[in-house]
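Next come the chains, spelled out residue by residue.
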Amino acid sequence: MLEKGLRIAWQYKKYFGEQTAVDSHNRDKKQEFSSDFDLRKPLERQLLNSQNIECISTQDAFDLSKLQNHCLTFVSKLSMKDGINSNAGRIAIQSLCAPQCGYFEKDWDMLSFIRSLRATVQSSNAVAVITFPASVLSNSISKRWQHLADTLLSVRAIPDEDKDLAKLLTGYQDMLGFLHVHKVAQFNSQVPVILDASTYSLKLQKRKSLVLERLNQAPVEGSSGVSYATSGSCSSSKGSLLDF
Amino acid sequence: MAEGLIVRSLRDGSLPGEHAPALCLEDSLPSPLASHSHAVFRHLLASLLSTGTGTAVVLVAFHRSPSFYLSLLSPTFHNSIRLLDCYSDPLAWKSNHHPPPPSHSPQNITLLTNLNHLPHFLSSILHLAKDLGAQGHDRVTVAIDSVTHMLRHAPLPSVLQLLTNLRCHEKISSLFWLIHTDLHEPKVISSFEYISTMIASLQPIVQLPDYANANISASITSLEENYSKAKFNVRLKRRNGRVKLLCEELLIEQGSVKFSSVPSVSSVVAQNLIPKVQFNIQLSDKERMDRANVVLPFEHQGNGQNIEIYDGRRSLSESQKDPSSTKIGGLSEQKRSNNNKSEKGEIHYIRDSDDEQPDSDEDPDDDLDI
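Chains as they are written, first to last, in full-length UniProt numbering: chain A, 1 to 244; chain B, 1 to 370.
Among the clues, some could well be false.
Label pairs and their calculated CB-CB ranges [to be verified]:
| id | chain 1 | residue 1 | chain 2 | residue 2 | range |
| --- | --- | --- | --- | --- | --- |
| 1 | B | 16 | A | 56 | 24 to 34 Å |
| 2 | B | 368 | A | 156 | 47 to 57 Å |
| 3 | B | 368 | A | 155 | 56 to 66 Å |
| 4 | B | 240 | A | 105 | 29 to 39 Å |
Some chain A residues well away from chain B (every beta-carbon gap over 10 Å; in silico) [claimed, not checked]:
| id | residue |
| --- | --- |
| 5 | 40 |
| 6 | 45 |
| 7 | 47 |
| 8 | 87 |
| 9 | 122 |
| 10 | 123 |
| 11 | 125 |
| 12 | 126 |
| 13 | 129 |
| 14 | 147 |
| 15 | 188 |
| 16 | 193 |
Derived coverage of chain B by chain A (criterion: at least 3 residues anywhere in the stretch with Cβ under 8 Å from a Cβ of chain A; other residues may be distant) [what the hints assert, rightly or not]:
| id | segment |
| --- | --- |
| 17 | 159-170 |
| 18 | 187-197 |
| 19 | 237-246 |
In case anyone wonders, no lab produced these hints; they're calculated from the structure.
All figures in this text were calculated on a predicted structure; none of them were measured in a lab.
Beta carbons: idealized from backbone N, C-alpha and C, even for Gly.
Between the sequences and the hints, there should be enough to build the whole structure, so can you do that?
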């Protein structure tokens with residue numbers, strides 16, 4: 001029920017936004033992804049041992065060559081299937097520069113690994129997600145890592161039981177932290193991606209589902225700031241169930 | 001309060017499926033009291049042991065001899081503590097030449113000589129933990145006298161891996177260690193902070209002055225305060241993903257440590273986290289004063305010059321010569337100017353109220369009864 005001619009004050013947009021997102025875009029489209037999972041359940045080990053998933057650990061490795069070879073074989077296996085690439089390959093690396101790893105002090109080796117991974121992924125039907133603790137890297141190396149990313153997000157913690165923040169932000173009790181979007185990937189295009197908001201709050205609703213919400217603050221000039229209060233929910237009503 | 005939270009967290013251990021809580025105790029040279037960080041370490045050790053019969057400690061002693069620690073604790077606790085002696089012979093110099101007599105060392109001290117071999121180190125600690133567990137202590141805490149000493153013998157990733165393995169092990173319920181921040185690169189310190197759930201650091205109450213620029217004589221006398229007190233900053237990582245920051249004062253009196261709370265400075269954190277709004281609604285003090293100094297147009301009688309109203313069609317210089325330009329005092333003056341050129345017209349304006357804020361929503365015509 002959104003009248004286009006009606007100019008709504010920014011506070012009210014949050015009540016209308018969700019409906020348009022769900023109705024107009026997703027009505028007839030088949031859900032190709034699902035972000036509807038219950039965070040209370042732990043991830044079961046059997047899931048990681050299933051057919052299409054390969055799991056390796058780098059904790060005992062002294063260098064990244066084994067991981068690099070593994071990624072290359074994984075990606076080449078993808079392209080060896082039928083001519084139509086129905087499956088995209090997904091590489092997820094958690095805490096790549098964790099200080100417990102044997103290769104932690106080899107900064108340049110880690111950088112060259114990321115660069116080769118990026119080249120591998122760009123030339124095939126795969127995507128890669130890497131998480132890393134930026135605080136353990138030196139500033140210059142951290143900047144280089146950030147430059148190598150196509151999409152860069154950062155997660156920030158918020159203080160617990162902070163009365164000032166509780167007054168400034170709505171829904172502070174459910175908040176886990178902030179998500180900043182620093183960069184968004186743009187391939188083969190000169191048109192820059194302009195985001196409505198670059199800071200989201202991570203909220204846990206009913207201790208079950210994770211929701212990203214733009215911070216509820218007054219509108220700001222330009223695209224770099226926080227703007228209208230809309231809740232972009234991570235969960236969708238339809239879609240295949242991804243159960244953990 | 002901070003100390004209570006730390007001790008409780010170390011005593012309670014972890015929930016199933018979690019890694020054990022780990023405290024990183026940091027000290028640095030600017031605070032002279034930080035040389036007493038060892039006192040804080042011993043204080044925590046004593047607090048943990050005195051909380052009940054369930055808690056036992058495996059102490060890895062690098063910095064002082066094990067007998068020193070035993071002499072500090074009352075004999076009732078001697079059964080709840082096991083010491084790994086890494087102080088007497090860390091490089092195996094003595095044992096290579098004179099093998100130690102086996103019956104010499106007391107029962108709760110184990111000598112360790114090959115500190116380079118970390119898996120052996122880990123298994124020694126675990127062996128002692130199991131030993132304590134077998135005696136009926138269900139919660140075993142590992143205390144490391146200082147991690148700085150450990151880093152002399154083994155590289156950083158191996159030491160961190162050892163600490164992580166200790167945190168994962170089922171027999172260990174919590175872990176704490178001391179580290180001297182001046183002796184390591186910032187990367188090393190941040191790695192230790194990364195694997196710990198609580199970070200406590202000792203900072204000076206009065207910062208050292210900037211010798212190049214500041215007025216030195218005034219600040220040096222205030223530095224004396226650093227010798228009696230220190231700031232005890234604690235950062236706790238909570239289970240809900242949030243961070244709790246506490247700042248307290250530390251006093252050392254007659255060898256014992258006392259904590260006192262100070263109002264925390266959390267407002268700064270809040271301001272830095274939220275993105276700034278681009279327009280400023282508040283007025284600064286200077287702006288407020290300037291506004292008070294502005295005289296409203298109807299409240300003054302002019303300063304003796306022609307009031308020039310620029311209507312956009314002519315240049316300013318032309319309008320000066322124009323006889324029809326408005327003179328001081330408004331329209332009412334023009335009627336009388338022929339008669340009384342020396343007399344100036346006046347407008348008397350009485351404000352409704354002095355407290356009326358500008359831009360207030362009060363419509364002055366509201367009281368008209370049309």
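Within the segment 187-197 of chain B, is the number of residues with a Cβ closer than 8 Å to a Cβ of chain A three or more? holds (count 6)
Proximity test - 8 Å, beta-carbon atoms, the segment 237-246 of chain B to chain A, at least three hits: n = 8 at 8 Å, threshold three: holds.
At 10 Å, judged by beta carbons, does residue 129 of chain A keep clear of chain B as stated? The claim stands: residue 129 of chain A keeps its Cβ more than 10 Å from every Cβ of chain B (closest is about 20 Å).
Residue 147 of chain A clear of chain B by more than 10 Å, beta carbon to beta carbon? Correct as stated: the minimum Cβ-Cβ distance to chain B is 19 Å, above 10 Å.
Is it correct that the beta-carbon of residue 40 of chain A has no partner in chain B closer than or equal to 10 Å? holds (12 Å)
Any Cβ of chain B at or closer than 10 Å to residue 126 of chain A, or is the non-interface label fine? holds (29 Å)
Taking C-beta pairs only, is residue 188 of chain A more than 10 Å away from all of chain B? holds (31 Å)
So is the segment 159-170 of chain B in contact with chain A by the C-beta rule, three or more residues under 8 Å, or is the coverage claim wrong? holds (count 3)
Against chain B, does residue 125 of chain A hold up as non-interface, every C-beta pair farther apart than 10 Å? Check passes; 34 Å lies beyond 10 Å.
Range first: 47 to 57 Å. Now tell me if the beta carbons of residue 368 of chain B and residue 156 of chain A are that far apart. holds (56 Å)
Take a quick look at residue 45 of chain A and tell me if its Cβ sits farther than 10 Å from every Cβ on chain B, holds or violated. holds (13 Å)
Cβ separation check - residue 87 of chain A to all of chain B, threshold 10 Å: Given a closest Cβ separation of 32 Å, the condition holds.
Consistency with the previously given hints is maintained throughout, with no hint failing.
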